[in-house]
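Chain residues, written in single-letter form:
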Amino acid sequence: MITPMPRVQLPSSVTKGEIFQVKALISHRMETGLRHDDEGNVIPRKIIHKFVCRYNGIDVFVADLHEAIAANPYLEFYLRATESGQLEFVWQEDGGGVYSLAHQLVVA
Amino acid sequence: MATETLATGLTRRMLFLAIAAGFASAAVVSPANASDDGEDAVTLIERLTGKTPTESDRLHLVMPRTFPNGYTVPLGVDIDSPMTENDHVRYVRVVAPRNPLIEVATFHFIPQHSQPRVLTRIRLAKPQYVLAFAEQNDGTLLMTKTWVEVATDGCA
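Each protein sequence line maps, in turn, to chains A and B. Per my numbering, the very first residue in the first sequence carries number 1; after that it's consecutive. Per my numbering, the very first residue in the second sequence carries number 1001; after that it's consecutive.
Excised from the complex, chain B in its bound form (with noise of 0.2 Å):
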């Protein structure tokens, strides 16, 4: 708790130095997990994998443009891929990086038993792009962002 207390001291002073030194946009200090608004979606995947994606039509993910309430928007993903021992997906990741905590799921797939589609329902806090992300079994990472615009905050 200790910690905390001073995480959020540091923070509180470090944002009142930032607007006071007169920087328009406050960046957020966050803890482990949290994304800087500034942070585009292949520094962050770098920051989380260590490795740098590609953007790929292979990888869809699907979810609703806007949605009423944050607290179950639909999301669906899927990715083309045969599957084989040669050449599959070993999973598939999703972060939200303006929720609270942005970690979504990671889907784990076996290649001729289950297929890389998987459908689910998440929470949102703000409108923002979803993120996700695919590893192939040759260790190369697919990515791809869709806009979800909820009204309501679902992390709340």
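Just chain A, same shape as in the assembly (with noise of 0.2 Å):
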């Protein structure tokens, strides 16, 4: 299985109180458990099936994700700037697997 890679993107600077766009992709199959293999045995269902964007400690954005959600979960949401300090992106993977960045947000 190939390691899930989390990307983020977002303005480099930010003025305070403005609403900036975040934009999170992680590499990831999100198999549904609905398919099956060659054999006809179903492949057991691993999705990523929670993203939480923290701000300075505090849960700003999160998404519960289901078997809908496409492979490679694209998510893009905006955010006030309030002050500066940390952006942390957290994805957690059924099954216990969590993967997350982090970024240092400077509010002007």
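No lab work stands behind these hints: they were computed from the structure. Do not rely on the hints blindly, as some may be mistaken.
What the hints assert, rightly or not - Label-pair ranges, simulated between beta-carbon atoms:
hint	chain 1	residue 1	chain 2	residue 2	range
1	A	Val42	B	Asn1069	21 to 31 Å
2	B	Asp1057	A	Asp38	46 to 56 Å
3	A	Asp38	B	Asp1138	45 to 55 Å
4	B	Lys1051	A	Lys23	15 to 25 Å
5	A	Arg29	B	Ala1151	15 to 25 Å
6	B	Arg1090	A	Glu18	33 to 43 Å
7	A	Val42	B	Thr1140	34 to 44 Å
8	A	Gly33	B	Thr1152	16 to 26 Å
9	A	Arg45	B	Val1062	42 to 52 Å
10	A	Ser84	B	Tyr1129	40 to 50 Å
As the list claims (entries may be wrong) - In silico SDA-like pairs for lysine to any residue, Cα to Cα no more than 20 Å straight-line:
hint	chain 1	residue 1	chain 2	residue 2
11	A	Lys23	B	Val1062
12	A	Lys50	B	Lys1051
13	A	Lys23	B	His1113
14	B	Lys1126	B	Phe1067
15	A	Lys50	B	Lys1126
Ideal Cβ placement from N, Cα and C applies to all residues, glycine included.
Please dock the two separately framed chains into a single complex, following the hints provided.
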């Protein structure tokens, strides 16, 4: 299994109070548990079921994802720039896998 | 696994009886999540949440009317809301009633920190009305739906 690679895109600088866009992507098959292999066995479900964006410790955006989310889940969302600090992006996988990225945000 | 076989057995017997009785539409007996084809959007949301939603044009579900493949259909959802402590959206939940597993996603927002606006990509098994409903801080539910005609089964 290829290790899921997370990626995030956001502006390099933001002004206080402005709304900024965040794009988050992780490479992942999002196996639904509905498919079968060549022998007819069910390929077990394994998806990223939760995405959390934490801004200075507050969960500002949370997504519960299910099987109907496409492979390589893409999420584009919008946050308000409150203060400088850390943005943490966490993807939680069935079975306990966790993938994360952290980013220092400078708010002018 | 035993329960699964039983349920399927019952389904086939029920289907057979329904057809034998001469009913034109065979009701598909579904596991917990899948939706009966005849059930309408409001009834489905009532079943999922226990509350009655109101159709609202403040909630926008933006999807292509037709799309060549069901594996990665773009979806955009956003709501007109001031997102203040007294007037905000708690979450938006999306379901695809004609998918084998109807839940798509639930997006949670925080007033003053996140906008109730998300773009993503989803899988659709067949042409259908995709449903979105949003819960506001006072507990009321807004809903909207949009028809998407996909050319291939993205869930297979």
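Against which earlier hints does the structure fall short, listed by number upward?
4, 6, 9, 12, 15
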